[in-house]
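Novice: Protein chains in written order, with the numbering used here: chain C, 264 to 372; chain F, 12 to 128.
It is worth saying that the hints were derived from the structure and are not from the lab.
The structure presented is a predicted model; accordingly, all values stated were derived computationally and were not measured.
Certain hints may be false.
What follows is a list of derived Cβ distance ranges for each label pair [what the hints assert, rightly or not]: (1) C/P303 with F/S91: 26 to 34 Å; (2) F/F21 with C/S342: 45 to 53 Å; (3) F/Q28 with C/S342: 40 to 48 Å; (4) C/R367 with F/Q28: 28 to 36 Å; (5) C/S344 with F/L80: 23 to 31 Å; (6) F/N12 with C/D330: 33 to 41 Å; (7) F/Q28 with C/K332: 46 to 54 Å; (8) F/T128 with C/Y314: 28 to 36 Å; (9) F/Q28 with C/T346: 35 to 43 Å; (10) F/N12 with C/N288: 36 to 44 Å; (11) C/S344 with F/A13: 20 to 28 Å; (12) F/T126 with C/F302: 18 to 26 Å; (13) F/L80 with C/S304: 28 to 36 Å; (14) F/G51 with C/S342: 22 to 30 Å.
Only pairs whose alpha carbons sit at most 20 Å apart, straight line, appear in this in silico SDA-like list of lysine to any residue [as the list claims (entries may be wrong)]: (15) F/K20 with C/R308; (16) F/K68 with F/T31; (17) C/K266 with F/D49; (18) C/K266 with C/Q312; (19) C/K315 with F/T31; (20) C/K266 with F/T26; (21) F/K20 with C/F302; (22) C/K266 with C/F326; (23) F/K20 with C/S324; (24) F/K82 with C/N359; (25) F/K68 with C/N359; (26) C/K266 with F/M52; (27) C/K315 with C/A291; (28) F/K82 with F/A67; (29) C/K317 with F/E116; (30) C/K266 with F/R55; (31) C/K266 with F/G51; (32) F/K68 with C/F361; (33) C/K266 with F/G69.
All C-beta atoms, glycine included, are put in the ideal place defined by N, C-alpha and C.
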Amino acid sequence: LAKTTQPISMDSYEGQEVNITCSHNNIATNDYITWYQQFPSQGPRFIIQGYKTKVTNEVASLFIPADRKSSTLSLPRVSLSDTAVYYCLGLTGANNLFFGTGTRLTVIP
Amino acid sequence: NAGVTQTPKFRVLKTGQSMTLLCAQDMNHEYMYWYRQDPGMGLRLIHYSVGEGTTAKGEVPDGYNVSRLKKQNFLLGLESAAPSQTSVYFCASSSPGLAGGSPYEQYFGPGTRLTVT
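When you get a sec, could you build the whole thing from the sequences and use the hints?
Specialist: Printed below as a string of structure tokens:
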């Protein structure tokens with residue numbers, strides 16, 4: 264079971280880059296690291312996933328060091344609409360995602 | 012595509028009553044899931060299905076039953092509701108078996124807010 268640990272909350276000003284770090288010390292060799300975003304009163308939304316090094320898409324970048332015991336989600340130039348809870352996930356057997364409590368990001372004007 | 016839809020959006024039950032939550036997806040996904048989310052918490056998996064006619068228990072299955080009679084539908088039943096089942100219920104689907112599909116990329120519905128008094 265790839266349980267994850269991440270900060271409970273973070274604040275950032277608009278326009279800044281935000282980095283959210285997650286630790287997953289017991290991640291399995293075959294596990295991917297996955298991040299989801301959840302706005303209030305909505306279901307979670309897949310943001311990005313990766314196995315090692317760096318992955319980038321139109322929303323975020325994901326940095327994974329060689330030992331894979333942690334990962335960092337990077338959100339460039341955040342806006343007020345990026346205020347949400349961000350989950351770093353591990354994958355258990357049979358395709359079951361494990362959601363922790365996530366990181367509540369508040370973007371300040 | 013409507014994606015994943017859930018019915019109803021809100022419901023209030025009295026203790027001991029029963030109800031069924033319906034989840035439907037139009038993406039031809041093989042896998043479907045039911046989660047619950049309590050205030051300030053992450054999601055916890057109740058039951059899941061890897062295909063029509065199959066179901067399996069997740070992390071918190073007690074007090075719930077599920078059925079997957081059709082590929083596009085996944086039903087969650089509460090036989091005798093309890094106040095501890097007050098929560099927001101999310102359904103999700105994924106397609107790990109399809110080309111380009113990932114078990115990590117689940118598509119979630121809008122949720123059902125259930126209150127048991």
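Novice: Please flag the earlier hints that this structure goes against, numbers listed from lowest up.
Specialist: As far as the earlier hints go, 2, 5, 8, 19, 20 and 23 are violated by this structure, in ascending order.
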